[in-house]
Amino acid sequence: MSVRNFGSLFMVASCAGAALGCYLVSLRVASERAALEDVETKIVLAQRDMRTIQTEIGTRARLSQLERWNAKVLALSAPQADQFLKGSFELARLTRPQQKVDFGAPVVLASAPAPERHAAPIGQAETDDAGVPAAVDPRELMHEASLKTDTGTREVPSKPAATAPVGAVGFKSTEKPVTAAKPAPKKAVDKPGLAAAHQTKTVDKRVLAEAQPVTRPVRLAKADPLAPLADRQSLKSVSKTSKDMHTGR
Amino acid sequence: MNAPSPALVAPRPERLRLVGQRRQILAIMHQRLMFGMLVYAGVIAIIVLRILWLAAFGDHAGRKEGLTQLIPDRGDIVDRDGEPLARTIDAWTIAIHPTKVIGDKLALAQKLAQLMPEHTADQYFAMLRSGKPFFYLRRRASPALVEAVNALGEPGLAIQREPDRLYPQTSLAAHVLGFTDIDGHGAEGVELAFDKYLSDPATRGQPLALSISSKIQQALEHELGDAMSEFSAIGAAGVVMDVHTGEVLAMTSLPGLNPNAPGQATPEQHFNRATLGVFELGSTFKPFTVAMAMDSGVIKSVGQVYNCPHELHVYGHVVHDTHPFGRACTVSEIMMESSNIGTAQIADQVGTQRQKAFLKKMGFLDRVEIELKERGRALNPGSRWGPFETMTIGFGQGIAVAPLQLAMGYATLFDNGVYHPPTILKRGPNNPLPPGRRIFSEETSEKMRALLRLVVMKGTGKKADAPGYRIGGKTGTAQKLINGHYSQTINITSFAGVFPMDDPRYVIVVMLDEPKATKDTFGFTTAGWNVAPVVSRTVSRIAPMLGVTPDLNREPNMGEVLPFVHETKE
Chain A
190 MSVRNFGSLF MVASCAGAAL GCYLVSLRVA SERAALEDVE TKIVLAQRDM RTIQTEIGTR
250 ARLSQLERWN AKVLALSAPQ ADQFLKGSFE LARLTRPQQK VDFGAPVVLA SAPAPERHAA
310 PIGQAETDDA GVPAAVDPRE LMHEASLKTD TGTREVPSKP AATAPVGAVG FKSTEKPVTA
370 AKPAPKKAVD KPGLAAAHQT KTVDKRVLAE AQPVTRPVRL AKADPLAPLA DRQSLKSVSK
430 TSKDMHTGR
Chain B
11 MNAPSPALVA PRPERLRLVG QRRQILAIMH QRLMFGMLVY AGVIAIIVLR ILWLAAFGDH
71 AGRKEGLTQL IPDRGDIVDR DGEPLARTID AWTIAIHPTK VIGDKLALAQ KLAQLMPEHT
131 ADQYFAMLRS GKPFFYLRRR ASPALVEAVN ALGEPGLAIQ REPDRLYPQT SLAAHVLGFT
191 DIDGHGAEGV ELAFDKYLSD PATRGQPLAL SISSKIQQAL EHELGDAMSE FSAIGAAGVV
251 MDVHTGEVLA MTSLPGLNPN APGQATPEQH FNRATLGVFE LGSTFKPFTV AMAMDSGVIK
311 SVGQVYNCPH ELHVYGHVVH DTHPFGRACT VSEIMMESSN IGTAQIADQV GTQRQKAFLK
371 KMGFLDRVEI ELKERGRALN PGSRWGPFET MTIGFGQGIA VAPLQLAMGY ATLFDNGVYH
431 PPTILKRGPN NPLPPGRRIF SEETSEKMRA LLRLVVMKGT GKKADAPGYR IGGKTGTAQK
491 LINGHYSQTI NITSFAGVFP MDDPRYVIVV MLDEPKATKD TFGFTTAGWN VAPVVSRTVS
551 RIAPMLGVTP DLNREPNMGE VLPFVHETKE
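For the record, the sequence lines run as chains A and B.
Here the working numbering is used: the first residue of the first sequence is 190, the next is one more, and so on.
Here the working numbering is used: the first residue of the second sequence is 11, the next is one more, and so on.
Simulated from the structure, these hints should not be mistaken for laboratory data.
As the structure is a prediction and not an experimental result, all values here were calculated from the model.
A hint or two may mislead.
Unchecked claim - Computed from the model, here is a short list of chain A residues facing chain B with C-beta under 10 Å:
no., residue
1, V214
2, S215
3, I232
4, T241
5, G247
6, T248
7, R249
8, R251
9, A267
10, Q269
As the list claims (entries may be wrong) - Using 20 Å as the maximum straight-line C-alpha spacing, the simulated EDC-like pairs for lysine to aspartate or glutamate come out as follows:
no., chain 1, residue 1, chain 2, residue 2
11, A, K231, B, D100
12, A, K275, B, E565
13, B, K473, B, D236
14, A, K261, B, E240
15, B, K225, A, E245
16, B, K366, B, E399
17, A, K275, B, D561
18, A, K261, B, D236
19, A, K275, B, D513
20, B, K310, B, E456
21, B, K225, A, E256
22, A, K275, B, D512
23, B, K371, B, E399
Virtual Cβ for every residue (Gly too), placed ideally from N, Cα, C.
With the sequences and hints as input, model every part of the structure.
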């Protein structure tokens, strides 16, 4: 009985609830829409401000004004025909390699061969071990050096690689097998030390000390016919052993 | 209750009638009540439904109308790169309602005269006492002034924002743009021609893109203005046009005006010399005559020889040359030295009928074809067009055209002989390139290249050359018609050039009205001395912007013409 009496009440309540729910949804939608409109309005206002500012900047920087400034201050003129380049090759043609080596390095080198020549007898002993010229005239050496540049073009890059780290590697710890390229010169220093007599070390040190300021330049080899030659030969012979040593490690 | 039951007492007939009536009345009342209820229910239902509808789909109370999209009161005008040339801004306007002024009118008038000195205190006082309801005091007032006026605190002063047309580049392309009147409607130029587009709410949101390029316009205006002041010319005009599309990249007429204050300009400044003015442009017409002759088979080769005496006596008149040959000369030489005598003979061979037909096809006998309303009608001899007139038209006297028309003619000649109507709007989806009509053959167009390049390399237009840009063109010095007579001293000089000549892309036409001789021109007032350098300077400025790279090693095929030039003369 009671249920039947309350039936209509439930109906009303559920209808009201549903209506309220619907209304809440629509309210939510309306508020979202209002927020969106606010944002849109803000965007439009911002656009209007931007437009105003752009107009002002454009008016202040009008072309006739720029032209006036150019006539009074900048005095820029139209480019000439030869100021235009067709591509990167023409651009590259304009540049020349800078002669930067003027900071004293060649001077040191120029004087470097002189003590070397004095040390030549000791150096010859070295080269003896390396196996090429036992007692050769310096003239012949010079000749051979020029021959080398002719035949072995591949040698050229390897040469600086060999000479360059000489100074550095001497101090660097030997337990660093950094790259495949680096260990080779390292051994180039080490090897004569191992294979040849120990007395050469004194000579080596002097040579090293003198060569140290000149870290990189290729000229070391050209200007100095003796030491680099020995170096290169040692490098050649060592390049094989270095691999062995690597594997040994 | 007290109603007797029908079974006991027979009702009286009147009473019976009464019962029947009452029933009827009741029924009617029920009906009316029901009807009333239905009406109320309907109204309430409508209201409820409406509320529900509004709740579900309607706008809320705080909605701001019209701010969801930025549509200016009048459409923008931009150049081909989107650079604004005309915009509508909100400007401050100061006005006064004299009837609403409550303070001391004399003191107010004095203060106003201090702030806005364009009127005296007396005039302001007269305004205030006039009893008229409204005066504009200042339009487009500066914010500082608005602040000062507002600080007067007079309720009769009205300070409001009004849409106002602003031309950010001031006088740049003023004749192309035109300006608007006080009501915001176009009065000249593009503003007038496209007034409907610019003011229609449906279209004005989208800016109107012109074919003008503001940088090129600036270069042309500046160089032309320099030449105009250097040679004390009374006017100048210039046009730069794309050969292939007919787009006008720059068009200027000097003296110019500032469209922000059009009222201050003189009628002379308002006059658009490039489209409205028609001028006898002289020798710049000669290439057309030669092209007509080539097309109709009169000239078979640029080496064809004509007799060029010191003066030519024909049809009762005498034709003179500025650089007389006094010998036989080739077509190449005639063009190079701009020989009237030679060209007159060529024109004579072409004949009046053919010349008329060609000029008609090229649009030289009608109004110039462009969207602007300021269009001049070309002048020609009309019914007096006889054989001698044919000759004079052949070298550019006796026919007056607008500089834009001349540019159009050169564009036609070097766009492989195909005519495209010039346009001030950027070519694009809204303004597609219409199919052109052929006027000259492709072969003629090719041959003319070397011929006009020769004029600049070796002929009268040497000063127009800009190294590397392969300019070709023709100078034109025409005597000005003053009071019905051709003046011997007053000229109109023009130069029509095309570059790069090995693959023509742009036409440039410049004109100076009444240039004077200077020390640097050694007393000459011919086109080679005054307008040709303008072309050289302008082209070396604009060509890189137009994507024409200078190349000192490229030239059109000069081997076609050089063998026919007699070099010993120099």
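Broken hints, by number: none
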